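Starting from the given sequences, assemble the full structure and let the hints guide the process.
The listed protein sequences derive, respectively, from chains A and Y.
Residues in the first sequence are numbered from 1 upward in steps of one, following our numbering.
Residues in the second sequence are numbered from 1 upward in steps of one, following our numbering.
Everything labelled a hint here was simulated from the structure, so no lab data went into it.
Since this is a predicted model, take the numbers as computed values, not measurements.
Beta carbons: idealized from backbone N, C-alpha and C, even for Gly.
Take the hints with a grain of salt, since some may be wrong.
Stated by the list, open to error - Coverage of chain A stretches by chain Y, computed from C-beta distances (three or more under 8 Å per stretch; other residues unrestricted):
id, segment
1, 2 to 9
2, 19 to 25
3, 29 to 43
Unchecked claim - Pair ranges (Cβ atoms, derived):
id, chain 1, residue 1, chain 2, residue 2, range
4, A, Asn55, Y, Val74, 22 to 30 Å
5, Y, Asn10, A, Arg108, 21 to 29 Å
6, Y, Pro8, A, Ser60, 26 to 34 Å
7, A, Gly29, Y, His99, 36 to 44 Å
8, A, Thr52, Y, Asp56, 17 to 25 Å
9, Y, Ser58, A, Lys69, 44 to 52 Å
10, Y, Ala2, A, Pro40, 27 to 35 Å
11, Y, Gln41, A, Ser26, 40 to 48 Å
Listed below are the residues making up each chain.
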Amino acid sequence: AQSVAQPEDQVNVAEGNPLTVKCTYSVSGNPYLFWYVQYPNRGLQFLLKYITGDNLVKGSYGFEAEFNKSQTSFHLKKPSALVSDSALYFCASSSTGFQKLVFGTGTRLLVSP
Amino acid sequence: GAGVSQSPSNKVTEKGKDVELRCDPISGHTALYWYRQSLGQGLEFLIYFQGNSAPDKSGLPSDRFSAERTGGSVSTLTIQRTQQEDSAVYLCASRPSLHNEQFFGPGTRLTVL
Chain A
1 AQSVAQPEDQ VNVAEGNPLT VKCTYSVSGN PYLFWYVQYP NRGLQFLLKY
51 ITGDNLVKGS YGFEAEFNKS QTSFHLKKPS ALVSDSALYF CASSSTGFQK
101 LVFGTGTRLL VSP
Chain Y
1 GAGVSQSPSN KVTEKGKDVE LRCDPISGHT ALYWYRQSLG QGLEFLIYFQ
51 GNSAPDKSGL PSDRFSAERT GGSVSTLTIQ RTQQEDSAVY LCASRPSLHN
101 EQFFGPGTRL TVL
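Here it is, written out as C-alpha cells:
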C-alpha cells in the first residue's frame, strides 16, 4: 500500500523568504510523486513530478522539489515566496505513474506581505 | 485549449434523491478519474477509466455510487439515494496517454440537505 504524509497543516512565510512544504511517502517499488496546488474554489493544478532521474525537480511558477530516497521525502521549495503563492498544496503518489493518485492531507501556505 | 469541464458547478439536493454529475475531459485524453474532496476525508480516489479497459472501481464508497464513460469521452458519476455524508466536492481529472500528469476540472460542489 502507498501513503503520503504532509506533517504541517499550515506553513506561514513572509514574502521574499524561501518556503518549504514537507512531504514524506511510503510506497513499494519506485515512487511516482507529484505536487498539486489548489486555489480557492478551483480544481487542482499540477506543479511538478518526480518519476526518475535528477533528485531536484523544477516545476511551474518557480517551484522545485527535492526527492530524497533515504529520508523518503519529497519537499516542495521556492527560493522567494510571493503573496500570490498562498494556497493549498497537496503531495501525491501513484503506484505506476498512471494509476490513481493517493493524496496527502494538504498544507495551507500563507505568505504575508 | 479547453480544460476539463464539470457540470453543474453546484448541486443542492435532498437526502434520498439521486444526482448525476458530468465530466467533459480534455479532448484526446484516454484516462479519466473521479475524486472526492471533503473536510473529513481529504482527497479520495473514486474510480478510474482507461481506454476500453474495465474501470478501476476500488474507491467507490458504496453501491449507491456508479459511473460510466460513454464513447471514451464524457463521464457521468451517479449517486443514488444521497446521504448527508455524500456532501463534498467531486473532482474529475483526465490524462493523456503515456503522460503522468492528471489535469483537474473545477469540481462540482454537492450539498445534501
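Going through the hints against the structure:
1. 2 to 9: Result for this restraint: violated, n = 0.
2. 19 to 25: Since 0 is below three, the answer is violated.
3. 29 to 43: holds (count 6)
4. Asn55/A with Val74/Y: 22 to 30 Å: violated (40 Å)
5. Asn10/Y with Arg108/A: 21 to 29 Å: holds (23 Å)
6. Pro8/Y with Ser60/A: 26 to 34 Å: holds (29 Å)
7. Gly29/A with His99/Y: 36 to 44 Å: violated (20 Å)
8. Thr52/A with Asp56/Y: 17 to 25 Å: Holds: the Cβ-Cβ distance is about 24 Å, inside 17 to 25 Å.
9. Ser58/Y with Lys69/A: 44 to 52 Å: violated (28 Å)
10. Ala2/Y with Pro40/A: 27 to 35 Å: violated (22 Å)
11. Gln41/Y with Ser26/A: 40 to 48 Å: violated (19 Å)
In this structure, the earlier hints numbered 1, 2, 4, 7, 9, 10 and 11 are contradicted, and the remaining ones agree with it.
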